[in-house]
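J.: Residues per chain, in single letters:
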Amino acid sequence: MSRIIRVQAENFDVGVESAALTHGRTEIGALVSFVGLCRDEGGALAALELEHYPGMAEAELQCIAEVAEARWPLQGLTIIHRYGLIRPGEQIVLALCASAHRAAAFSAADFLMDFLKSSAPFWKKTHLRDGTQGEWVAAKASDEEALQRWGQP
Amino acid sequence: MKLLYFASLRERIGRGEEQLDELPPQVLTIADLMVWLSARDEAYEAAFASGLARAAIDKKHAKPEASIAGAREIAFFPPMTGG
Numbered sequence: 004m005s006r007i008i009r010v011q012a013e014n015f016d017v018g019v020e021s022a023a024l025t026h027g028r029t030e031i032g033a034l035v036s037f038v039g040l041c042r043d044e045g046g047a048l049a050a051l052e053l054e055h056y057p058g059m060a061e062a063e064l065q066c067i068a069e070v071a072e073a074r075w076p077l078q079g080l081t082i083i084h085r086y087g088l089i090r091p092g093e094q095i096v097l098a099l100c101a102s103a104h105r106a107a108a109f110s111a112a113d114f115l116m117d118f119l120k121s122s123a124p125f126w127k128k129t130h131l132r133d134g135t136q137g138e139w140v141a142a143k144a145s146d147e148e149a150l151q152r153w154g155q156p
Numbered sequence: 657m658k659l660l661y662f663a664s665l666r667e668r669i670g671r672g673e674e675q676l677d678e679l680p681p682q683v684l685t686i687a688d689l690m691v692w693l694s695a696r697d698e699a700y701e702a703a704f705a706s707g708l709a710r711a712a713i714d715k716k717h718a719k720p721e722a723s724i725a726g727a728r729e730i731a732f733f734p735p736m737t738g739g
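Here the protein sequences line up with chains A and B, keeping their order. Just so we're aligned: the first sequence equals residues 4 to 156 in my numbering. Just so we're aligned: the second sequence equals residues 657 to 739 in my numbering.
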């Protein structure tokens with residue numbers, strides 16, 4: 004089992020991270036990657052500003068990873084979450100899950116994203132194309148509801 | 657202890673952190689601390705008025721009834737929107 008957790012301002016390369024996770028490993032049969040991107044909201048959005056709580060953000064991602072590793076037979080897991088100013092089309096978050104078979108890898112990646120959204124201390128603020136600073140993005144009730152699918156972690 | 661504020665709470669309160677050296681003895685929990693801060697200044701009252709604020713003690717999520725005894729760092733923030 005390998006685990007990489009990073010919180011960084013810099014962009015990431017999915018290919019490089021995937022290769023790092025699987026390099027020299029012959030027991031992995033499935034690698035699922037999820038990449039969250041910044042969308043432009045119909046052309047209105049200039050950028051998202053991602054704020055985080057340094058120290059706690061990393062610690063929460065470690066906690067979520069531990070829960071996923073206890074629940075599914077994973078052989079590797081990578082979570083990278085960016086902060087700072089992110090423009091439409093750019094990458095925000097990466098979740099990689101490796102397992103012998105695809106079911107565990109798909110489920111674990113889905114689970115990581117659901118829990119990350121509601122328990123990792125990151126907040127998004129919109130910056131609009133017309134130059135105004137927009138609102139802080141409100142948490143969605145659907146994000147909390149998504150957690151119910153997984154029962155008590 | 658150190659208090660930290662993030663995102664919309666930081667903007668409403670007008671600062672990201674402050675040091676609290678002394679608290680009245682009746683301030684025992686996260687909820688007590690929010691009431692005490694709200695009474696101290698209307699910016700805090702406005703920030704906490706929605707009832708949505710979350711808290712963390714020493715970088716771990718904490719419920720309103722959690723004891724703040726021995727806490728070194730308490731953070732307040734709105735519901736998270738990462739991912």
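Rather than coming from a laboratory, the hints here were simulated on the basis of the structure. Model, not experiment: these values are computed from the prediction. Each hint should be verified, as a subset may be incorrect.
[Unchecked claim] Dumping the calculated DSSO-like pairs for lysine-lysine here, alpha-carbon to alpha-carbon at most 30 Å: (1) B:Lys715 <-> A:Lys128; (2) A:Lys143 <-> B:Lys715; (3) B:Lys716 <-> A:Lys143; (4) B:Lys715 <-> B:Lys658; (5) A:Lys128 <-> B:Lys716; (6) B:Lys716 <-> A:Lys127; (7) B:Lys719 <-> A:Lys127; (8) B:Lys658 <-> B:Lys719; (9) A:Lys128 <-> B:Lys719; (10) A:Lys127 <-> B:Lys715; (11) A:Lys143 <-> A:Lys127; (12) A:Lys128 <-> A:Lys143; (13) A:Lys143 <-> B:Lys719; (14) A:Lys127 <-> B:Lys658; (15) B:Lys658 <-> A:Lys128.
J.: For each hint, tell me whether it holds in the structure or not.
T.: Structure-based check of each hint:
1. Between the alpha carbons of Lys715 (chain B) and Lys128 (chain A) the distance comes to roughly 22 Å, so the proposed pair stays at or under 30 Å and holds.
2. Taken as a hint, the Lys143 (chain A) and Lys715 (chain B) pair is honoured in the structure, with Cα atoms around 23 Å apart against an allowance of 30 Å.
3. Among the hinted pairs, Lys716 (chain B) with Lys143 (chain A) is consistent with the structure: their alpha-carbon atoms are about 22 Å apart, no more than 30 Å.
4. For the proposed pair Lys715 (chain B) and Lys658 (chain B), the alpha carbon gap of about 12 Å is at most 30 Å, so the pair holds.
5. At most 30 Å may separate the alpha-carbon atoms for a hinted pair to count; Lys128 (chain A) and Lys716 (chain B) meet this at roughly 23 Å.
6. As the CA atoms of Lys716 (chain B) and Lys127 (chain A) are separated by approximately 20 Å, the hinted pair is consistent with the 30 Å bound.
7. The suggested pairing of Lys719 (chain B) with Lys127 (chain A) holds, with an alpha-carbon distance near 23 Å, which does not exceed 30 Å.
8. Distance hint between Lys658 (chain B) and Lys719 (chain B) is fulfilled; the C-alpha atoms sit about 18 Å from each other, no more than 30 Å.
9. For the hint pairing Lys128 (chain A) with Lys719 (chain B), the CA-to-CA distance comes to about 25 Å; that is within 30 Å, so the pair holds.
10. Of the supplied pair hints, the one linking Lys127 (chain A) and Lys715 (chain B) holds, its CA atoms being roughly 19 Å apart against a limit of 30 Å.
11. Distance check on the hinted pair: Lys143 (chain A) and Lys127 (chain A) sit about 13 Å apart at the alpha-carbon level, within 30 Å; holds.
12. With a C-alpha separation of about 14 Å, the suggested pair Lys128 (chain A) and Lys143 (chain A) falls inside the 30 Å cut-off, and the hint holds.
13. Of the pairs offered as hints, the one joining Lys143 (chain A) and Lys719 (chain B) holds, with about 20 Å between alpha carbons and a cut-off of 30 Å not exceeded.
14. The hinted pair formed by Lys127 (chain A) and Lys658 (chain B) meets the criterion: a straight-line CA distance of about 24 Å does not exceed 30 Å.
15. Restraint check for Lys658 (chain B) and Lys128 (chain A): the C-alpha separation of about 25 Å stays at or below 30 Å, so the hint holds.
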